[in-house]
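Trainee: Which chain is which? The protein sequence lines are F and B, in order.
Position 518 of the first sequence, counted from 1, bears residue number 518 in the numbering used here, the numbering being contiguous throughout.
Position 61 of the second sequence, counted from 1, bears residue number 61 in the numbering used here, the numbering being contiguous throughout.
The set of hints was computed from the structure by calculation and includes no laboratory data.
Where a beta carbon is used, it is the ideal one built from N, C-alpha and C, also for glycine.
Below are the DMTMM-like pairs computed for lysine to aspartate or glutamate, each with C-alpha atoms no more than 25 Å apart in a straight line:
hint: 1; chain 1: F; residue 1: 95; chain 2: B; residue 2: 43
hint: 2; chain 1: B; residue 1: 77; chain 2: B; residue 2: 47
hint: 3; chain 1: F; residue 1: 95; chain 2: B; residue 2: 47
hint: 4; chain 1: B; residue 1: 77; chain 2: F; residue 2: 82
hint: 5; chain 1: F; residue 1: 227; chain 2: B; residue 2: 60
Simulated restraints on C-beta separations:
hint: 6; chain 1: F; residue 1: 678; chain 2: B; residue 2: 64; range: 56 to 66 Å
hint: 7; chain 1: F; residue 1: 69; chain 2: B; residue 2: 60; range: 46 to 56 Å
hint: 8; chain 1: F; residue 1: 253; chain 2: B; residue 2: 60; range: 54 to 64 Å
Derived coverage of chain F by chain B (criterion: at least 3 residues anywhere in the stretch with Cβ under 8 Å from a Cβ of chain B; other residues may be distant):
hint: 9; region: 86–94
hint: 10; region: 107–115
hint: 11; region: 176–189
hint: 12; region: 284–295
hint: 13; region: 346–355
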Amino acid sequence: MQTPGPILIKVKNRKPVWIVALLSVAGAYCLAAIALNRGEHVNSVWILGAAACFFFIGFRFYAKFIASKVMGLDDSRATPAERLRNGHDYEPTNKWILFGHHFAAIAGPGPLVGPTLAAQFGYLPGLLWILFGCVLAGAVQDFVILFCSMRRNGRTLGAMAKEEIGRLGGIVSLITVLLIMVILLAVVGLVVVNALKGSPWGAFTIFMMLPISLFMGIYLRFIRPGKVLEGSLIGFVLLLAALFGGRMVSQNPEWAPLFTFTGATLALIIIVYGFIASTLPVWLVLAPRDYLATFVKLGVVFLLAIGIIAVRPELSLPPLTRFVDGTGPIFAGKIFPFCFITIACGAISGFHSLIASGTTPKMISKEWNAWPIGYGSMLLEGFVALMALVAAASLAPGIYFAVNSPPGIVGSTPEAAAATITGWGFPVTAGDMTQLATRVGETSLFARTGGAPSLALGMAHIFSMSSGGDAVLGFWYHFAIMFEALFILTILDAGTRVGRFMLQDVLGLIYKPIARISWIPGMLVTSAAIVGAWGYFLYQGVLDPLGGINSLWPLFGIANQLLAAIALCVATTVLLKMHGLRYVFITAIPLAWLLVVNFTAGIEKVFAPSPRLGFLASAQAMQTALETGKIAAAHVAETHTRIFNDRLDAAICFLFLVLVALIVIDSLRVWYGLLSGSRLPKTSEAPFVLSRLEASQL
Amino acid sequence: MIGTQLVSGASGGVDRTGLSGLIHAIGGALVTLLAFVRDLARELADENAYSRHLSWHGRDHSRAEWKAFCDSRLARKYTQGKCC
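Assemble the whole structure, with the sequences as input and the hints as a guide.
Mentor: Written as structure tokens, this is what we have:
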């Protein structure tokens with residue numbers, strides 16, 4: 001006689017299989033609807049449907065498999081938040097509150113700008129990489145690093161690299177982070193400059209952020225200490241007032257010229273601002289604006305999701321464009337590897353490993369909470385990247401390329417640019433662009449490279465369709481620009497400050513007083529050095545006739561993903577020590593993929609024979625032009641500078657590759673030792689302590 | 001969580017069916033959601049951290065206490081870069 005037991009087990013096991021089957025079919029159907037549709041515009045609902053199915057399966061099954069079988073998460077094990085509770089950094093926090101906190105920390109401009117730029121290949125490659133990259137690589141990296149740090153008292157990535165791999169790993173991580181910071185700050189600065197040049201409305205609104213932040217700082221310090229939500233609300237109202245004020249300024253013939261700047265002037269203003277803001281006390285400017293930026297960021301992401309669901313815009317860009325062959329105007333390089341580099345943080349970001357080994361592991365109350373926080377937050381970031389892709393792809397292709405293409409490629413006059421872009425099969429006229437610029441309160445939208453203006457156009461298009469119509473298009477466009485600039489400026493301030501601390505640490509080895517954070521001469525010198533470093537790249541990017549983004553964004557993408565490779569080396573080492581080869585594929589496959597993509601991209605950027613793609617080829621082409629007298633006397637000095645910049649970019653790119661090669665070789669040495677038995681699989685995991693924390697205490 | 005307490009407290013012992021039950025359930029869910037949003041906002045604004053700091057050290061709120069908390073928390077917070 002058959003007992004009911006096995007039948008019950010059978011029924012229990014069937015449920016997930018049916019869910020997987022159903023969701024797989026639904027996801028595949030959505031993807032097929034997107035990929036096989038030819039000649040008709042695809043509705044963005046298919047993209048959201050495919051993403052929802054993909055991400056749900058990834059989260060519910062793949063991530064749960066990693067959590068239970070590989071990590072062995074155990075809620076009876078006390079986390080650092082419980083064991084080391086100190087009322088400051090270590091504090092058990094509610095799962096969903098910490099989820100929001102972690103998501104707010106990892107979400108930046110990368111997942112918004114990257115997919116917008118990568119739409120030059122069409123929407124399909126970016127979509128597929130965001131889906132697969134998030135589920136199999138980005139979220140896995142964040143989750144495993146969060147787990148490793150949580151089991152090691154909240155250690156940082158650098159400390160874990162040093163402990164698990166060796167001293168070299170720690171040093172290489174430190175240098176890589178510092179270099180990435182410099183490139184990152186230059187590239188985000190360039191995004192702001194390109195969004196604000198020639199735009200009195202935008203410039204006025206962003207300039208008003210400084211007095212608003214100062215007011216908030218003073219309000220929170222002296223007038224209503226501790227009332228951060230109240231102060232942020234006042235700051236937000238003042239920002240909206242500045243946004244309306246910007247419109248009035250742009251329409252005033254006397255005021256408008258005062259706030260109309262060239263790219264070079266704006267770059268200098270941002271450099272000076274970066275220096276001042278990073279040396280002022282944090283409570284005065286940086287912290288109040290950071291609070292405000294966090295709330296606005298979460299609010300806008302939520303609004304954009306509602307807008308896309310309400311409007312369900314159709315994608316006007318084709319699934320694949322002719323530029324998959326590497327001839328694209330926005331950045332040079334073929335779909336492989338440059339699509340994967342450009343999407344950046346939307347699929348995998350090395351920077352997330354710094355957050356996952358920073359504040360978050362010190363606040364997790366139960367080990368299983370790492371599942372939604374580490375893995376789930378990255379999936380949400382993937383959704384943000386997809387929303388940015390939808391916003392960009394919902395623009396008419398001619399407009400998308402007119403906004404994002406630099407004058408060095410499409411021509412310096414509106415008519416020439418429109419003719420070039422129309423010749424590619426994406427019709428647009430100078431008149432269309434002028435009309436659109438007038439509707440959003442700008443003088444011109446041609447050659448507004450960097451991704452921010454076209455993203456703002458896409459967002460404004462979606463927001464105005466869901467409420468207000470054409471009358472509020474200009475408001476929403478500038479609101480989107482303000483939203484992007486708000487947290488980019490916070491990244492500039494905070495990044496400069498962090499770079500300064502790192503430099504002070506290093507220089508302190510040579511001259512001790514400089515390591516003291518409160519020593520003013522040391523603070524000024526190191527701040528100037530960091531601002532000078534990113535300011536140099538920013539200024540040269542602005543002067544570059546190809547728009548700067550062409551060279552800086554790929555450098556940033558490579559650097560960021562190489563940091564992810566370092567994180568995955570640490571994660572692979574830990575998994576090898578825990579289980580041998582059994583589960584190593586979870587991090588080793590994404591690591592191998594990242595190494596192939598980034599080394600291919602890096603080597604192409606340095607050595608490719610095409611001057612549009614290879615830094616050295618570009619420098620050589622200009623050198624030859626100089627030697628053969630093809631450069632006018634007025635441009636000789638500028639050409640010498642551009643030759644130097646190309647060689648500098650090549651050297652930095654090559655340095656990234658060498659640093660990561662070093663850490664990979666060092667990791668291989670450790671892995672060989674572990675597998676051959678010559679090295680003991682000793683981990684630095686904290687010992688098991690029984691948790692006494694009850695759910696009701698959270 | 002505060003939101004959960006509000007919902008369970010409001011429904012105590014009353015048998016609700018049909019439309020009133022549905023309205024009550026939706027209302028409860030909204031209250032929970034709003035409580036969550038408020039808690040998240042307070043956490044992001046460091047207000048929860050400040051409350052924890054006060055209760056941990058057994059002190060009362062004052063300008064000097066906020067200043068001390070703020071200086072120490074922000075100094076730690078901004079040794080990390082903002083994510084890209």
